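S.K.: Based on these hints, arrange chains B and C on the given structure of chain A.
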Amino acid sequence: MNAYAPIFVLALLAAGFAVFSVTLTSFTGPKRYNRAKVDAYECGIEPTPQPLGGGRFPVKYYLTAMMFIIFDIEIVFLYPWAVAFDQLGLFAFIAMMLFLVNLAVPYVYEWRRGGLDWD
Amino acid sequence: MIGTGAVVAQTAPLLAPLNAATGIFQYIWVLIALPLAGAIILLTTGSLLKRWGHIIGVATVGVSAILGIIMLLEMMGRSADDRAFGQTAFTWVFAGQFDVDVAFQLDQLSMVFVLLITIVGTLIHIYSIGYMAHDPDRKRFFGFLNLFIAAMLLLVLADNYLLLYVGWEGVGLASYLLIGFWQYKNSAAAAAKKAFVINRVGDVGLSLAIMLMFVTFGSVTFSSVFANAGEASDSTLTWIGLLLLLAAAGKSAQFPLQAWLLDAMEGPTPVSALIHAATMVTAGVYLIVRSNAIYDRTVFAATAVVVVGVITMIIGAIIGSAKDDIKKALAGSTMSQIGYMVLAAGLGPIGYVFAIFHLLTHGVFKANLFLSAGSVMHGMNNGVNMRRFGALRAAMIITFGAFTAGYLAIIGIPPFSGFYSKDKIIHAAFEQSNIVGIAGVLAAGITGFYMTRMIVMTFFGKARWEDDAHPHESPPVMTIPLIILGFGSAFTGMALVYWGDIETWLTPVTGLEERELAIPTVVLEMLTLATVLVGVGVAIWIYRRSVPIEPPQKVSVLTVAARQNMFDDAINDVVAVRPTWYTARFLVWFDNRAVDGFVNGLAAAVGGVSGRLRRIQTGFTRTYALVMVIGVLAVLTALGLVMLP
Amino acid sequence: MDDVLIAPDIDYLAVAPMIIVGVTAVVGVLVEAFAPRRPRRGIQLVLTFGALIAAFVVLISQAGTRVITGSLAIDGPSLVLQGLILLIAIVSAMLMAERRVDPAGDAFSPRASALPGSEEERVLSTRGFMQTEVWPLMLFAVVGMMLFTAANDLLVMFIALEIMSLPLYLLAGMSRRRRLLSQEAALKYFILGAFSSAFFIFGAAMLYGFSGTISLPGIADALSANPGQTPLIFIGFGLVVIGLLFKVGAVPFHQWVPDVYQGSPSAVTAFMAAAVKVAAFGALLRFLYVAFGGARWDWQPALWIIAIATMLVGSILAITQTDIKRMLAYSSIAQAGFILVGVIAVNPEGVAAVMFYLAAYGFATLGAFAVISLVRQDGGEATHLSNWAGLGKRSPVLALSMSLFMLSFAGIPLTSGFIGKFTVFEAAILADAVPLVIVGVIASIIAAFFYVRVIVLMFFTEPAEVGPTVVLPSVFTTLVLAISVAVTVILGVFPQPVLDLVEQANVFLR
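Residue numbers (this note's numbering), protein chains in the order written: chain A, 1 to 119; chain B, 1 to 645; chain C, 1 to 510.
Just chain A, same shape as in the assembly (with noise of 0.2 Å):
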């Protein structure tokens, strides 16, 4: 188990400062609620105004977020990837090709099916 000691000290000591902080923060500090410290986001921007009877976000907005998402863990897997072209040889480019191809077909599903039209 000592091995694992560093691990239990380290813990127990964010724990404590998140405790700590947080607490010391409640005692000290000024309270003065506005309209903008009780908002979803207390960093300034207006959120997107919803509709009535709900917090709905229009569903464009997951479309180009989940789009956005995609292309961005296809560059993790292709950095690497390009790195060590050299090494990896005709397998690993097949596989890599096999998987750009398995992505385009959903960006084409989208595209087709009117996705990534705004409106």
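I should point out that these hints are in silico values taken from the structure, not numbers from a laboratory. Quantities reported herein were computed from a predicted structural model and do not represent experimental measurements. Among the clues, some could well be false.
To be verified - Below, simulated DSS-like cross-link-like pairs (lysine-lysine); rule was C-alpha separation at most 30 Å, straight line:
hint : chain 1 : residue 1 : chain 2 : residue 2
1    : B       : K185      : B       : K50
2    : C       : K393      : B       : K50
3    : C       : K393      : B       : K193
4    : B       : K185      : C       : K393
5    : B       : K193      : B       : K50
M.R.: Chains B and C in isolation, oriented as in the chain A frame:
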């Protein structure tokens, strides 16, 4: 065991290997296939064949009966050690060390059952043509009856316990379908369900017994289980014996699982006659006698069988004495008579043969009594209340004659059939123990009482009919089977003793043992007969003049108990129904509310904002997640406890 | 350049069934993208059935293959279970293809994104829109399932788990009728499924931390090399097993089952109930037998408790249900408990018994849900039990088939369920788990009660004044019913060929 005398003669069962089925015996499977085919045709053809359905039903069972008789004659022509045949249809389950065939065994024991089932079955089928003539679903009725016959034949012809279990479930299913046949009556549907549930309790016994046999012997065929029974430990054999007894008690309506039989009388009367008197309810006796190799080696289980038999014999007779419903009175009587058989089966080699002997005679005379009762009901607008019968002997003379034959048979007046079989059981009981013997004599006396009460209330005295009753004799299609069964009630006993020599016939399967008795047989017979006559006399004395139309309320505690089926429903309710129901309700509540409440409470306590809780509409998901987390912690704790030293 | 990646040696023929289904699923997405609306459904049907049947044929030609290729183990159990998954998929695809029972079209919402009850939805419905995406989604789920049974390392197992689950989350939310219930079910399934996946991957990480490998045989080797116990093993093992137990719906990870079964379209529920169980039990078996077979004494007690709880809770809770789909959900929980009894045996008989049980249960389930999809009222399914009163009068054939499936679930002889229960209990007895078998028998007695209640309702109860109508199905559902009835009877009366098959295929390659 006060009365235990010295052993006079002893024959062990013959454990000879089965002969290959040749000649006529190649067609053992046809015995089952015919009624099964009939059932399939009748149940699947819809409105087709509606007018001829009953003919198919009767014909298939009838041909099976004829085939059975031919096989009997063939079998009688052979020597005693050459009468058992085995036939394998196909391998059913062969997995790992487990090997079960769909295979049949026809020996002396199954032979008599085949005859009882098919012959009585045919007569009851014929009777049903008349009894169910006006029922729009008559074809379905015959389909179910055929299904029952096929399953019952499978039960007695199986060569292993697993296939027997198939038949066992099959007769249960058919019985269940037939009890609930008049589904528009709520009581019928409820009775069907009750029969099914109680039977399932018995089935637990049978399936556990089969598993235990498989573990112990590595096989579930009769031949290998019996051949190796000597090698198993005493406790194992006792457990198997007790589990089989539980199964037998469920199917044969023995204490403490007797409750369903009285309710089962909601079914059509031919069903009560065939299934709930003559054949299916005796399956438990068959099971015990068939498993003689096990009971011979475990005194404890065998004694338990005797105890169960004695208790049921007495309470069945008492219930039969208090019921005003003619069918329920007969049902009580059936319980009591099967109690006799179970008692005899528990006596071991002294009694096996006589258990089966009484089973056969009872099958005939009880079917006779039930069908006569059905004939009475048929003439009385389907009334069953004996307080509204009376003086019917003139209106339905054939029915009266048949009923009287059955009556004399069941109370055991010589030379009617019950005399031979019941006296043999009482005799065997005295060979074993005086107490059991005395209980047998006592029950015979009560039998005399309730049967006389029944016949007096129904056929003698003043007419107490309802205003619109016009009693009349039933059509020939019903009375002819009655006449045949009436003669059967009279002569089956004699025929089996003098012509069939049932003792010698069955001994190779069951073994036989005779013991010395302190008192001569004749004295014992006289004693029994005298007790019966006392019972008859008391009944005549009480019911000689008038019978009140409303049942009297100022009665003894025993009568109240008997009218309530010995408080059986109440006991079941307290012991089984309520606990199960409350457990289920509690689990549901726990699943839906308790955990949720816990979460909500937790959230409220932590957040301190209970107002927001109202906005949580689909809070259940987190409940589920919480349960999962609790489960995770529990599993990890359990694993940790085991895995960490 | 000595660290060149060595390309894995892949037996493409052995994995061809998965490739066929997977490629067809991708092609199906392209069809959705490019094909005009009208012929789309036809093309998808041809693709789906073509791919499933082709994959099955190729699979049959692979019979007897025993090879470890990359991270996949193609051996007896995986071949049998993959074949079973394909068969179940073919039959449930027929159920999904049914268009005649619902006057508005098939069982799926014309556009899942439309608000339930909105004008948009009504317009789409009346214009005959169809959601043909269900076909590629189903194929993706099938690929995941097949992969799940063959996965020989924890990472591939996890990926398979996700490929299988994600399409199912979507399919669960696509019901045309009772949209809100359906969407709620989908969301619940998704959230709790993601939760359980997290447990799985966390456990996999723990096991990697202990053994330095993610391959199942590697973990087994590491276990035998280091017999000393550390918390990493049991926490890792526990979390992975919990992830798998969630998918089979074992207590206490069962609570999603009733909601999801009730909310999903019946065709999808049937597919889920039958096929997911096959895949998840396949993976569970492989994980327990290959990686932890040597350490069975350590985990058996915990799984004993889970199996007993699953059998009893499933059976008892089913008694009080009033909705037939919920009742079948609890019944499926109880059945999972019975199958767990065979899993716990840890012997070849147990593997064979589990596979047989899965086949028996799978087809009876497909049949039962097919019947449910035909009993309708006001356009939707009449799932309240009271609606089933007197069905035997209205439609005897349907009621008889339903009775057969119920009897099979209850384990009555001459049905497939009886043989299944018997083989499972036999395997447990051989493993000296007699108390487990006794609980199993008692639970099956309790369970028999509510199965029989359905039969009572159908045959022994007078129908209500305004009862449901029994819709005459097209050839698809008729075929499903016929196949399910046939399999249930054949596996009950002549089970030997299938028993031989599972017995030959009862050893995991490692």
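S.K.: For which of the previously enumerated hints does the structure constitute a violation, in increasing order of number?
M.R.: none
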